[in-house]
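Model the full structure from these sequences, guided by the hints.
Protein chains in written order, with my numbering: chain C, 1 to 379; chain B, 1 to 520.
Bear in mind the hints are in silico, worked out from the structure with no lab data behind them. Glycine included, every Cβ here is placed at the ideal spot set by N, Cα and C. There could be a bad hint or two in this list.
Simulated coverage check for chain C against chain B, where a stretch passes if three residues somewhere in it have a Cβ under 8 Å from a Cβ of chain B [said to hold, decoys possible]:
no., stretch
1, 53 to 67
2, 88 to 96
3, 355 to 364
Under the rule of at most 30 Å between Cα atoms (straight-line distance), these lysine-lysine pairs were calculated in the BS3-like manner [to be verified]:
no., chain 1, residue 1, chain 2, residue 2
4, C, 246, B, 360
5, C, 338, B, 350
6, C, 246, B, 338
7, B, 507, C, 110
8, B, 350, B, 325
9, C, 246, B, 350
10, C, 202, C, 284
11, C, 365, B, 125
12, C, 110, B, 496
13, C, 365, B, 51
14, C, 246, B, 337
15, B, 51, C, 110
16, B, 122, C, 202
17, C, 110, B, 122
18, C, 365, B, 122
19, C, 42, B, 496
Far from chain B, some chain C residues (derived; all Cβ distances over 10 Å) [to be verified]:
no., residue
20, 115
21, 160
22, 286
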Amino acid sequence: MMFDYETLRFIWWLLLGALLIGFAVTGGFDLGVAMLLPALGKNDSERRVIINSIGATWEGNQVWFITGGGALFAAWPIAYSVAFSGFYFALLLTLVGLFMRPLGFDYRSKLPSLNWRQNWDRALFVGGFIPALIFGVAFGNLLLGVPFHLDNDMRIFYEGSFFGLLRPFALLAGLLSVAMLVMHGAVYLQLKTEGEINQRSKTAVSLFAALTLVIFALAGVWVANSDGYQISSAIVHDAPSNPLIKTVQKAPGLWLANYGEYPLLWLLPVMGFVMGAATLLLSKIDRPGLAFISSSLTLSAIILTAGASMFPFLIPSSIAVNHSLTVWDAGSSLHTLKIMLGVTVVFLPIVLTYTAWVFRVLRGKITLEHIHANDHSLY
Amino acid sequence: MISEGVVDLSRWQFAATSLYHFLFVPLTLGLSFLLAIMESTYVMTGREIYKDMTQFWGKLFGINFALGVTTGLTMEFEFGMNWSYFSHYVGDVFGAPLAIEGLMAFFLESTFVGLFFFGWDKLGKGQHLLVTWLVALGTNLSALWILVANGWMQNPVGADFNYETMRMEITDFASLLFNPAAQVKFVHTVAAGYTTASAFVLGISAYYMLKGRDSAFAQRSFTIAAGFGLAATLSVIVLGDESGYTDGEVQKVKLAAIEAEWHTEAPPAAFTVIGIPDQDTMETRYALKIPWVLGLIGTRSVDEPITGLTEILEKNRLRVRNGMKAYALLQDLRQGKKDAATLAEFNRYKADLGYGLLLKRYTEAVVDATDEQIELAAQYSLPRVVPLFWTFRIMVACGFVMLAVFVFAFIASSIRRCRQNWLLKLSLYTIPLPWIACETGWFVAEFGRQPWTIAEVLPTFLSASSLTELDLYLSLASYIGIYTLFLIIEMFLMLKFIKAGPSSLHKGRYHFEIAEGAAL
Numbered sequence: 001m002m003f004d005y006e007t008l009r010f011i012w013w014l015l016l017g018a019l020l021i022g023f024a025v026t027g028g029f030d031l032g033v034a035m036l037l038p039a040l041g042k043n044d045s046e047r048r049v050i051i052n053s054i055g056a057t058w059e060g061n062q063v064w065f066i067t068g069g070g071a072l073f074a075a076w077p078i079a080y081s082v083a084f085s086g087f088y089f090a091l092l093l094t095l096v097g098l099f100m101r102p103l104g105f106d107y108r109s110k111l112p113s114l115n116w117r118q119n120w121d122r123a124l125f126v127g128g129f130i131p132a133l134i135f136g137v138a139f140g141n142l143l144l145g146v147p148f149h150l151d152n153d154m155r156i157f158y159e160g161s162f163f164g165l166l167r168p169f170a171l172l173a174g175l176l177s178v179a180m181l182v183m184h185g186a187v188y189l190q191l192k193t194e195g196e197i198n199q200r201s202k203t204a205v206s207l208f209a210a211l212t213l214v215i216f217a218l219a220g221v222w223v224a225n226s227d228g229y230q231i232s233s234a235i236v237h238d239a240p241s242n243p244l245i246k247t248v249q250k251a252p253g254l255w256l257a258n259y260g261e262y263p264l265l266w267l268l269p270v271m272g273f274v275m276g277a278a279t280l281l282l283s284k285i286d287r288p289g290l291a292f293i294s295s296s297l298t299l300s301a302i303i304l305t306a307g308a309s310m311f312p313f314l315i316p317s318s319i320a321v322n323h324s325l326t327v328w329d330a331g332s333s334l335h336t337l338k339i340m341l342g343v344t345v346v347f348l349p350i351v352l353t354y355t356a357w358v359f360r361v362l363r364g365k366i367t368l369e370h371i372h373a374n375d376h377s378l379y
Numbered sequence: 001m002i003s004e005g006v007v008d009l010s011r012w013q014f015a016a017t018s019l020y021h022f023l024f025v026p027l028t029l030g031l032s033f034l035l036a037i038m039e040s041t042y043v044m045t046g047r048e049i050y051k052d053m054t055q056f057w058g059k060l061f062g063i064n065f066a067l068g069v070t071t072g073l074t075m076e077f078e079f080g081m082n083w084s085y086f087s088h089y090v091g092d093v094f095g096a097p098l099a100i101e102g103l104m105a106f107f108l109e110s111t112f113v114g115l116f117f118f119g120w121d122k123l124g125k126g127q128h129l130l131v132t133w134l135v136a137l138g139t140n141l142s143a144l145w146i147l148v149a150n151g152w153m154q155n156p157v158g159a160d161f162n163y164e165t166m167r168m169e170i171t172d173f174a175s176l177l178f179n180p181a182a183q184v185k186f187v188h189t190v191a192a193g194y195t196t197a198s199a200f201v202l203g204i205s206a207y208y209m210l211k212g213r214d215s216a217f218a219q220r221s222f223t224i225a226a227g228f229g230l231a232a233t234l235s236v237i238v239l240g241d242e243s244g245y246t247d248g249e250v251q252k253v254k255l256a257a258i259e260a261e262w263h264t265e266a267p268p269a270a271f272t273v274i275g276i277p278d279q280d281t282m283e284t285r286y287a288l289k290i291p292w293v294l295g296l297i298g299t300r301s302v303d304e305p306i307t308g309l310t311e312i313l314e315k316n317r318l319r320v321r322n323g324m325k326a327y328a329l330l331q332d333l334r335q336g337k338k339d340a341a342t343l344a345e346f347n348r349y350k351a352d353l354g355y356g357l358l359l360k361r362y363t364e365a366v367v368d369a370t371d372e373q374i375e376l377a378a379q380y381s382l383p384r385v386v387p388l389f390w391t392f393r394i395m396v397a398c399g400f401v402m403l404a405v406f407v408f409a410f411i412a413s414s415i416r417r418c419r420q421n422w423l424l425k426l427s428l429y430t431i432p433l434p435w436i437a438c439e440t441g442w443f444v445a446e447f448g449r450q451p452w453t454i455a456e457v458l459p460t461f462l463s464a465s466s467l468t469e470l471d472l473y474l475s476l477a478s479y480i481g482i483y484t485l486f487l488i489i490e491m492f493l494m495l496k497f498i499k500a501g502p503s504s505l506h507k508g509r510y511h512f513e514i515a516e517g518a519a520l
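Pasting the structure below:
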C-alpha cells in the first residue's frame with residue numbers, strides 16, 4: 001500500500017468516524033425504537049409489533065458499536081485507554097443498559113405473563129435510553145476536554161468523577177443524542193408499521209426532529225462561544241506517536257478554527273439542518289423511505305460537524321492540555337494501521353453487502369396479523 | 001504504583017467476567033455447528049423431523065446466545081476500563097485481532113442469527129441452510145481472532161518494544177497469525193465447544209428417552225450428538241496434548257508449573273498423576289508418578305528434558321538483572337540520550353525489560369534494587385503451582401470421562417440400541433462435565449501466565465488502570481449482581497423449554513400436544 005503514515009492516520013480518523021456513523025444510522029434507530037416502545041405501543045400486541053420491527057436486525061446493528069470500540073483499540077490504543085478508564089462509571093452504566101437488550105428481545109415474549117413482559121419492556125426502554133444519553137454526554141465531554149494527564153511511562157491518571165461528566169454542555173449533548181436517535185427510530189417505525197402505530201410514529205418524528213434541530217443549534221452556539229483546543233507547536237505528521245512533546249492552547253472559539261480555515265466545512269452543519277427539516281417534511285407527507293435517508297444524513301452531518309470541529313483532537317485534556325490525544329500522536333504504528341486498513345477495505349464492503357441483503361429479505365411492514373400468526377416464533 | 005488492592009480486585013473482576021462469559025460461549029460454538037448439521041440433514045433428506053430438531057435446539061441456542069452476547073460486551077469494554085496501561089502498552093498489537101474479530105466474525109454471526117430465527121418463511125431451504133452455516137462460521141471465526149489475541153499474550157511473537165512510543169508494536173503480522181500458541185489454542189477451544197454442545201444435546205435427548213417422550217426426535221438428536229461429540233472429544237484431548245507440547249516449546253514455565261516439575265529430570269520425565277505439591281519446599285509429597293509419560297507426550301522424544309522450575313528460576317535471576325540494565329538504558333533513551341551506543345546496548349537487553357519491570361513491585365526506580373529484591377522478583381516470576389496442578393487434572397479427568405461416555409453413546413446409537421437406562425442416565429449426568437472442563441481449562445491458561453499479562457513483557461501488577469478500590473467494589477458488585485440474576489433467569493427459561501421439549505414449537509406433533517403416551 002502506498003499510503004504514508006500521515007495519510008493513514010487521517011484515513012483512520014475518517015474510518016473511526018465512519019464506524020461511529022454506521023452505528024448511529026443502524027444501531028441508532030434500534031435505540032430510538034426502544035425508547036419509543038412505551039409511548040408508541042399501547043398494548044402487548046402493539047409492543048410486539050414494535051419489538052419485532054427491529055428484532056431480527058438489532059444484533060447485527062450493535063456490531064457497528066462493538067467494531068467501533070475494537071477499531072478505537074486497534075488504531076488509537078491510548079485514546080481507547082483514556083476514554084474507557086476515565087469514563088469508568090459512565091461506561092459501566094452504559095454496559096448495564098446494553099445488558100438489558102439481548103435478554104429483553106429474546107426472553108420477553110417467551111412467557112405469557114404480562115408482568116414478565118412489561119418488566120422486560122421497561123428494561124428495553126432503559127436499554128435504549130441510557131446508552132443514547134451517555135454516548136451524547138461522553139461526546140459533549142470530549143468537546144469540553146477531559147481531566148486526565150500522562151506520566152513519562154504513559155501511565156494514565158484521570159482526575160475527574162462520574163458526576164463531573166454531567167456538566168451543562170455535556171448534558172445538552174446527551175439530550176441531542178437522545179433526540180436525534182428517537183427521531184431516527186420514529187422514522188424507522190413509520191417505515192415498518194401501519195395503522196395506529198404508524199400514526200403515532202409520525203407524531204414522534206415531528207416532535208423529535210424539531211427538538212433535534214433546536215438542540216443542535218443551541219449546541220452550535222455554545223461551542224462557538226466556549227473554549228476550544230488547538231495545537232500550537234509545529235506538528236510533525238509522521239513522527240512516532242508520543243503525545244507528551246507538543247504544546248496546546250485552549251481559548252474561546254478555537255473549536256471553529258477548522259471552519260475558519262476550510263469554509264467548505266460549514267456545509268456539514270448546514271446539511272444537518274437541511275436534512276433535519278427534510279426529515280420532518282418527508283415524514284409528514286408519508287414518504288418514510290426518503291425520510292429514513294434524510295434522517296440518516298442528519299445524524300451523519302451532526303456527527304461530522306462535531307468531528308470536523310475537533311480535528312485533529314481525539315481527547316483533549318482539560319488539566320494538562322499538552323497531553324491531549326490527537327490524530328497525529330495517539331495512533332498505532334504504521335504497520336498496524338496498514339494491516340487494519342487492508343482488512344477493513346476487504347471486509348467492510350462484504351459486511352455492507354450482506355447486511356443490505358438481510359434487510360432486503362426482511363423488508364415490508366410488521367403487522368398485528370403477522371404477530372398473531374407467529375405467536376410462538378417471533379419475539 | 002497502583003495499590004495491590006486495586007490490582008487484585010481488577011484481577012478478580014476480569015476472572016469473574018470472563019468465566020461468566022465462558023459459561024455461554026462453548027455452547028454457542030458447538031451448538032451453531034450442530035444446528036448446521038441438523039439442518040443439512042433436513043435439506044438433504046427432506047424429513048421434517050430434522051427441521052423440527054433445528055428449530056427446537058435453535059430455541060435453546062437463542063436462550064444461551066443472548067447471555068453470550070451480554071457477557072461478551074463487557075469483555076471488550078473491560079480491557080480499556082480496568083486494564084488501561086495494558087491497553088496502551090500492547091494495544092498496537094492486541095487491538096488488531098479484536099477489531100478484526102468485529103469485522104469478520106461478529107458482523108457475520110450477529111447479522112445472520114436474526115435471519116436464522118426470522119427467515120424460515122422468507123427464504124428457500126438452501127438459502128436458510130446457508131444462513132445457519134454462516135452463523136456457525138461467524139462464531140468459530142470469533143474464537144479464532146480472540147485466541148490469536150490471547151495466544152499473543154502467552155507467546156508475544158511478531159512484535160517489538162518501541163522506546164519512543166513506550167509500547168509494543170507489530171513487526172510481523174504473519175507471526176501473530178501463525179503463532180503456534182494461538183493456533184493450538186484455537187483448535188483446542190473450538191473442539192471444547194463442540195464437546196460441550198454435544199454433551200448438552202446428548203444429555204437432554206437422553207432425558208426425553210428416559211421419560212419415554214418424543215423418542216424419534218430424541219433418538220435422532222442423541223445419534224447426531226454422539227457422533228459429533230466423539231469426534232469433538234477425541235480432538236479436544238489430542239489438541240490438549242498438542243497444547244502441552246507447544247507450551248514445552250514456547251511457554252516452558254507454564255508447563256513446568258502445571259506438572260509441578262520442580263527440577264529438570266533425566267529425560268524422559270515422569271508424569272505426576274496426583275500428589276501434594278508444595279512451592280515453598282519445591283517438592284511434591286505423596287506423588288503418584290507414571291515413568292516416562294510426561295517426557296514422551298511433552299517433548300515427543302526420549303532424550304529432550306522438560307525444564308524444571310528450579311532451572312527456570314535460575315535463568316530468571318539473570319534475566320531480572322538484565323532487565324535492570326534494560327530499564328536504566330530505557331530511561332537514558334527517554335531523557336534524550338539517543339546515541340548509537342546506548343541504543344545498541346538497549347537492544348541487547350531489551351528482551352528482558354519485562355523482568356526488570358518486575359522489580360517495580362519492590363522499588364519504583366528499579367535501578368536501585370537490592371539483591372534481596374532481585375531474588376523476590378525472580379521468585380515472583382513463577383506462577384503459583386498448586387492451583388494449576390489441580391485444575392489441570394480436573395480438566396483432564398473430565399475430558400477422559402466424557403470420552404468414555406461418547407464412545408458408549410456412539411456405539412449404542414450406531415447399533416440403534418441407545419435406549420438403555422444406564423447409558424441414558426450416564427449421558428444426563430455428564431452434562432455438567434464439559435462446563436467444569438472449560439472453566440478449569442481457562443483457569444490453567446490464564447493463571448499459568450501469571451505474573452504476566454503479556455508473558456515476559458508486561459507484569460500484571462503494572463497493567464491495571466489507576467482506579468480506586470471503591471471503583472472496583474462497585475463495578476465488581478454490579479457485574480456479579482446482574483450476571484447472577486440473569487443466569488437465574490436464563491436457567492429458568494432454559495429448563496422450562498427443555499422440559500417442554502419440541503412441543504414448544506407448537507407444530508402439533510409432539511408429546512404435550514398429542515395424547516399422552518401415543519407413539520410418534
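We went through each hint and held it up to the structure:
1. A count of 10 residues in the stretch 53 to 67 of chain C with a Cβ less than 8 Å from any Cβ of chain B is obtained; the coverage claim is therefore met, three being the minimum.
2. Counting residues of the stretch 88 to 96 of chain C whose beta carbon lies closer than 8 Å to any beta carbon of chain B gives 6, which meets the minimum of three for the stated coverage.
3. Beta-carbon proximity to chain B at under 8 Å applies to 4 residues in the stretch 355 to 364 of chain C; the threshold of 3 is reached and the given coverage holds.
4. Between the alpha carbons of residue 246 (chain C) and residue 360 (chain B) the distance comes to roughly 29 Å, so the proposed pair stays at or under 30 Å and holds.
5. For a cut-off of 30 Å, the pair hint linking residue 338 (chain C) to residue 350 (chain B) stands: about 26 Å separates their Cα positions.
6. Straight-line distance between C-alpha atoms of residue 246 (chain C) and residue 338 (chain B) comes to about 19 Å, which keeps the hinted pair within the 30 Å bound.
7. Note on residue 507 (chain B) and residue 110 (chain C): the hinted pairing holds, with a Cα-Cα distance of about 16 Å set against a maximum of 30 Å.
8. Note on residue 350 (chain B) and residue 325 (chain B): the hinted pairing holds, with a Cα-Cα distance of about 9 Å set against a maximum of 30 Å.
9. For the hint pairing residue 246 (chain C) with residue 350 (chain B), the CA-to-CA distance comes to about 27 Å; that is within 30 Å, so the pair holds.
10. As the CA atoms of residue 202 (chain C) and residue 284 (chain C) are separated by approximately 7 Å, the hinted pair is consistent with the 30 Å bound.
11. As the CA atoms of residue 365 (chain C) and residue 125 (chain B) are separated by approximately 23 Å, the hinted pair is consistent with the 30 Å bound.
12. For the proposed pair residue 110 (chain C) and residue 496 (chain B), the alpha carbon gap of about 10 Å is at most 30 Å, so the pair holds.
13. Among the hinted pairs, residue 365 (chain C) with residue 51 (chain B) is consistent with the structure: their alpha-carbon atoms are about 27 Å apart, no more than 30 Å.
14. With a C-alpha separation of about 19 Å, the suggested pair residue 246 (chain C) and residue 337 (chain B) falls inside the 30 Å cut-off, and the hint holds.
15. This hinted pair checks out: residue 51 (chain B) and residue 110 (chain C) have alpha carbons roughly 20 Å apart, not beyond 30 Å.
16. Note on residue 122 (chain B) and residue 202 (chain C): the hinted pairing holds, with a Cα-Cα distance of about 28 Å set against a maximum of 30 Å.
17. With a C-alpha separation of about 22 Å, the suggested pair residue 110 (chain C) and residue 122 (chain B) falls inside the 30 Å cut-off, and the hint holds.
18. As the CA atoms of residue 365 (chain C) and residue 122 (chain B) are separated by approximately 14 Å, the hinted pair is consistent with the 30 Å bound.
19. At most 30 Å may separate the alpha-carbon atoms for a hinted pair to count; residue 42 (chain C) and residue 496 (chain B) meet this at roughly 29 Å.
20. With a cut of 10 Å on Cβ distances, residue 115 (chain C) stays outside the contact zone with chain B, its closest approach being about 14 Å.
21. In this structure residue 160 (chain C) is separated from chain B by more than 10 Å, as the shortest Cβ-Cβ distance comes to about 12 Å.
22. No beta-carbon of chain B is positioned within 10 Å of the beta-carbon of residue 286 (chain C); the least distance is around 26 Å.
Violation of the numbered hints given earlier is absent; every hint is satisfied by the structure.
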